[in-house]
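*Asks:* Chains as they are written, first to last, in my numbering: chain A, 30 to 140; chain B, 212 to 326.
Hints listed in this document are in silico derivations from the structure and should not be mistaken for laboratory results. Where hints are given, some of them may not hold.
[As the list claims (entries may be wrong)] Simulated pairs of lysine to aspartate or glutamate, DMTMM-like, Cα-Cα distance not exceeding 20 Å:
hint, chain 1, residue 1, chain 2, residue 2
1, A, K73, B, D237
2, A, K126, B, D237
3, B, K281, B, D242
4, B, K266, A, E88
5, A, K126, B, E240
6, B, K289, B, E240
7, A, K73, A, E128
8, B, K266, B, E221
9, A, K38, A, E88
10, B, K289, B, E221
11, A, K126, B, E226
12, A, K73, A, D55
13, A, K38, A, E128
14, A, K126, B, E221
Read off the chains here:
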Amino acid sequence: NAGVTQTPKFRILKIGQSMTLQCAQDMNHNYMYWYRQDPGMGLKLIYYSVGAGITDKGEVPNGYNVSRSTTEDFPLRLELAAPSQTSVYFCASSYMKSEQYFGPGTRLTVT
Amino acid sequence: AQTVTQSQPEMSVQEAETVTLSCTYDTSESDYYLFWYKQPPSRQMILVIRQEAYKQQNATENRFSVNFQKAAKSFSLKISDSQLGDAAMYFCAYVAANTGNQFYFGTGTSLTVIP
């Protein structure tokens with residue numbers, strides 16, 4: 030049972046490049062979330078999904094896009110990377126509003 | 212919007228002693244869930260304890276317990292018999308039970324355990 034997996038673990042992007050952060054869970058959770066964590070700060074919600082085909086914006090959605098075509102996968106797309114998007118990104122899943130299970134995180138640097 | 216406040220950026224405790232981490236939150240909801248998460252240097256977020264607002268009894272999980280004061284909107288975490296492995300960032304989190312789907316996190320408290 031892998032839980033929540035994220036790839037890649039680390040990535041360096043140049044300004045203006047695009048990339049997709051992958052997230053998958055094998056717990057059949059309906060809720061999935063993307064957060065970013067800036068140094069010394071808590072988690073800020075980027076996007077979330079309550080089921081396949083349903084997504085909604087969180088607190089800091091600008092510069093990101095998501096899709097949820099299956100229950101298991103919830104990729105996060107950065108279209109035009111900016112230095113302000115340098116952060117650690119966490120994916121999480123939950124069954125309804127029970128506790129969230131987190132992936133190991135992706136450290137992204139934009140230079 | 213709901214807010215979660217952790218007023219102690221850093222705390223320290225001697226090994227085997229007890230420490231209490233503070234959390235307050237702002238909400239107009241009557242039914243909600245509160246959580247404490249631990250983030251060690253590995254960055255992995257780990258659930259420590261969960262409390263349902265409709266339950267008056269404070270949640271406990273081995274050496275971890277909470278003091279939930281609904282009227283004061285306070286949710287503190289008590290760690291008893293502190294161990295070196297307890298050193299981590301601790302985050303308080305809130306989610307409304309019936310409205311909205313967003314979890315709100317505090318800014319965290321960094322706990323140091325002194326041998």
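*Asks:* All hints are to be evaluated individually against the structure, with a verdict given for each.
*Replies:* Structure-based check of each hint:
A hinted pair counts as satisfied when its Cα atoms are at most 20 Å apart, and A:K73 with B:D237 qualifies at roughly 17 Å. Simply put, A:K126 and B:D237 have alpha-carbon atoms about 18 Å apart, close enough for the 20 Å limit, and the pair holds. Simply put, B:K281 and B:D242 have alpha-carbon atoms about 10 Å apart, close enough for the 20 Å limit, and the pair holds. For the proposed pair B:K266 and A:E88, the alpha carbon gap of about 29 Å is over 20 Å, so the pair is violated.
Among the hinted pairs, A:K126 with B:E240 is consistent with the structure: their alpha-carbon atoms are about 15 Å apart, no more than 20 Å. The hinted pair formed by B:K289 and B:E240 fails the criterion: a straight-line CA distance of about 25 Å is larger than 20 Å. Restraint check for A:K73 and A:E128: satisfied, since their Cα atoms lie roughly 17 Å apart, inside the 20 Å limit. Between B:K266 and B:E221 the alpha-carbon distance is near 30 Å, which puts this suggested pair outside the 20 Å criterion.
The suggested pairing of A:K38 with A:E88 is violated, with an alpha-carbon distance near 24 Å, which exceeds 20 Å. The suggested pairing of B:K289 with B:E221 holds, with an alpha-carbon distance near 15 Å, which does not exceed 20 Å. Distance restraint check for A:K126 and B:E226: the Cα-Cα separation of roughly 34 Å exceeds the 20 Å cut-off, and the hinted pair is therefore not satisfied. With a C-alpha separation of about 24 Å, the suggested pairing of A:K73 with A:D55 is violated against the 20 Å cut-off.
Our distance criterion of 20 Å between C-alpha atoms is broken by A:K38 and A:E128, whose separation comes to about 23 Å. A hinted pair counts as satisfied when its Cα atoms are at most 20 Å apart, and A:K126 with B:E221 does not qualify at roughly 29 Å.
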